Amino acid sequence: MSGAGDAVRAFLRGLGQTLITLGLVVLLFCGYEVYFTNVYTSKEQSRLGDDLREQWAEPAADKPGPVLVGTALGTGLAELWIPRVDMVGDQAKVVVEGVGHEDLKRGPGHYPGSALPGQVGNVVVSGHRTTYGAPFNRLDELRVGDAVVVETRDTWFTYRVVRQQIVAPTAVEVTYPVPGDKTAKPVKKLLTLTTCNPKYSAKTRLIITAELQTALAKSAGEPPALTGSA
Amino acid sequence: MYGFLWRLFPGGVVGKLLCSLLLAALVVVLLFLYVFPQVEQLLPFQDVTVDSGTGAPAGG
Numbered sequence: 001m002s003g004a005g006d007a008v009r010a011f012l013r014g015l016g017q018t019l020i021t022l023g024l025v026v027l028l029f030c031g032y033e034v035y036f037t038n039v040y041t042s043k044e045q046s047r048l049g050d051d052l053r054e055q056w057a058e059p060a061a062d063k064p065g066p067v068l069v070g071t072a073l074g075t076g077l078a079e080l081w082i083p084r085v086d087m088v089g090d091q092a093k094v095v096v097e098g099v100g101h102e103d104l105k106r107g108p109g110h111y112p113g114s115a116l117p118g119q120v121g122n123v124v125v126s127g128h129r130t131t132y133g134a135p136f137n138r139l140d141e142l143r144v145g146d147a148v149v150v151e152t153r154d155t156w157f158t159y160r161v162v163r164q165q166i167v168a169p170t171a172v173e174v175t176y177p178v179p180g181d182k183t184a185k186p187v188k189k190l191l192t193l194t195t196c197n198p199k200y201s202a203k204t205r206l207i208i209t210a211e212l213q214t215a216l217a218k219s220a221g222e223p224p225a226l227t228g229s230a
Numbered sequence: 001m002y003g004f005l006w007r008l009f010p011g012g013v014v015g016k017l018l019c020s021l022l023l024a025a026l027v028v029v030l031l032f033l034y035v036f037p038q039v040e041q042l043l044p045f046q047d048v049t050v051d052s053g054t055g056a057p058a059g060g
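Top to bottom, those sequences are chains Y and H.
Heads up, the final residue of the first sequence is numbered 230 in our numbering, and it's a clean run with no missing numbers.
Heads up, the final residue of the second sequence is numbered 60 in our numbering, and it's a clean run with no missing numbers.
Incorrect hints may have been included.
What the hints assert, rightly or not - The following residues of chain H were derived to be distant from chain Y, with all beta-carbon distances above 12 angstroms:
hint : residue
1    : M1
2    : R7
3    : L8
4    : F9
5    : G12
6    : V14
7    : G15
Said to hold, decoys possible - Restraint-style ranges between C-beta atoms, simulated for each label pair:
hint : chain 1 : residue 1 : chain 2 : residue 2 : range
8    : Y       : K218      : H       : L18       : 48 to 58 angstroms
9    : Y       : N38       : H       : L18       : 25 to 35 angstroms
10   : H       : R7        : Y       : M87       : 47 to 57 angstroms
11   : H       : K16       : Y       : L19       : 17 to 27 angstroms
12   : Y       : E222      : H       : Y2        : 33 to 43 angstroms
13   : H       : C19       : Y       : K199      : 40 to 50 angstroms
14   : Y       : R143      : H       : C19       : 57 to 67 angstroms
15   : H       : V28       : Y       : L73       : 51 to 61 angstroms
16   : H       : L5        : Y       : M87       : 43 to 53 angstroms
17   : Y       : R9        : H       : L18       : 28 to 38 angstroms
The hints are simulated quantities; they were obtained by calculation from the structure and are not laboratory data.
Nothing here was measured: the structure is a model prediction, and the numbers come from that model.
Even for Gly, the Cβ is constructed at its ideal location relative to N, Cα and C.
Construct all of the structure, not just a fragment, from the sequences and the given hints.
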């Protein structure tokens with residue numbers, strides 16, 4: 001019942017309350033990461049998808065050149081289907097322009113300056129492996145020959161996976177128009193998907209390279225890769 | 001800390017409870033809107049791009 005004893009008790013009580021509070025905050029952060037980020041992305045994807053389809057429904061602009069040029073950062077550019085890993089009933093993922101933090105929160109991001117779908121060169125798209133909708137969560141399950149379908153205003157571009165590799169986070173050469181060769185003149189039409197690896201880590205990057213197989217006009221209906229006949 | 005807040009809040013048990021819930025809700029909102037978005041950028045699994053380590057293009 002001494003004064004010193006009271007002080008010790010008060011200190012210990014304060015310490016205990018602080019630690020419990022910190023524990024709750026950490027738990028809350030886990031909930032934020034695994035749940036709230038997905039809710040955010042799902043809302044953004046649905047909004048971006050509506051905007052994109054609305055834009056596609058309007059008659060093409062009179063301006064010459066590919067309509068995709070000049071897509072603003074953070075807005076929808078194209079839609080991405082990966083039949084091997086898409087769940088039944090899944091919507092296409094809307095690819096946004098830009099690979100900044102805010103862009104990637106909305107969906108897979110297209111490297112500004114890299115090729116556009118269907119063009120000669122390398123279309124580079126990065127996406128979250130975990131959190132924020134985790135669009136590229138199961139990219140490791142892709143096998144050589146699997147389809148990756150990109151939908152634009154007029155065209156279905158069907159790419160086929162040619163390579164899966166794990167590289168260092170600094171391996172920018174995978175994003176070159178000719179991967180691995182900065183100066184070579186591109187002739188192939190490639191698509192590269194990048195995400196972090198292993199899950200919940202940033203030790204390496206998982207890279208999927210695919211090459212354009214077919215480009216079908218959308219008026220001809222869905223490509224075989226999506227209808228399941230190929 | 002919690003004891004001090006409890007004594008600080010006005011009203012009877014009901015008033016104190018309401019104040020506590022209100023304060024807790026405020027703290028959660030501030031965490032979700034301002035603190036967590038900043039903290040998560042320090043986490044490794046946000047880095048999905050390849051870059052040369054010069055900061056461009058930004059990792060995400």
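- Message: Taking 47 to 57 angstroms as the stated bounds, is the beta-carbon spacing between R7(H) and M87(Y) within them?
- Response: 53 angstroms, holds
- Message: Looking only at beta-carbon atoms, does the pair K218(Y), L18(H) fall within the given range of 48 to 58 angstroms?
- Response: 57 angstroms, holds
- Task: Take the C-beta atom of L5(H) and the C-beta atom of M87(Y), compute their distance, and say whether it sits inside 43 to 53 angstroms.
- Result: 46 angstroms, holds
- Taking the minimum C-beta separation from M1(H) to chain Y, is that value above 12 angstroms? Non-interface label on M1(H) violated, nearest chain Y Cβ at 5 angstroms vs cutoff 12 angstroms.
- E222(Y) paired with Y2(H), Cβ distance criterion 33 to 43 angstroms: Roughly 59 angstroms apart at Cβ, these two residues miss the hinted range, so it is violated.
- When you take the CB atoms of K16(H) and L19(Y), is the distance between them in 17 to 27 angstroms? Given about 24 angstroms between the Cβ atoms, the range holds.
- Item | Least C-beta distance from G12(H) to chain Y larger than 12 angstroms | 23 angstroms, holds
- Query: Lying within 25 to 35 angstroms: is that true of the beta-carbon distance N38(Y) to L18(H)?
  - Reply: 32 angstroms, holds
- Whether R7(H) stays farther than 12 angstroms from all C-beta atoms of chain Y, as the label says: 14 angstroms, holds
- Can we confirm that no CB of chain Y comes within 12 angstroms of the CB of V14(H)? Per Cβ check, V14(H) is outside 12 angstroms of chain Y; nearest 23 angstroms; holds.
- Is 51 to 61 angstroms a correct range for the gap between the Cβ atoms of V28(H) and L73(Y)? The hinted range 51 to 61 angstroms is violated for V28(H) and L73(Y), with Cβ atoms some 31 angstroms apart.
- So does R9(Y) sit 28 to 38 angstroms from L18(H), Cβ to Cβ? The hinted range 28 to 38 angstroms holds for R9(Y) and L18(H), with Cβ atoms some 30 angstroms apart.
Violated hints for the displayed structure, listed by number in ascending order: 1, 12 and 15.
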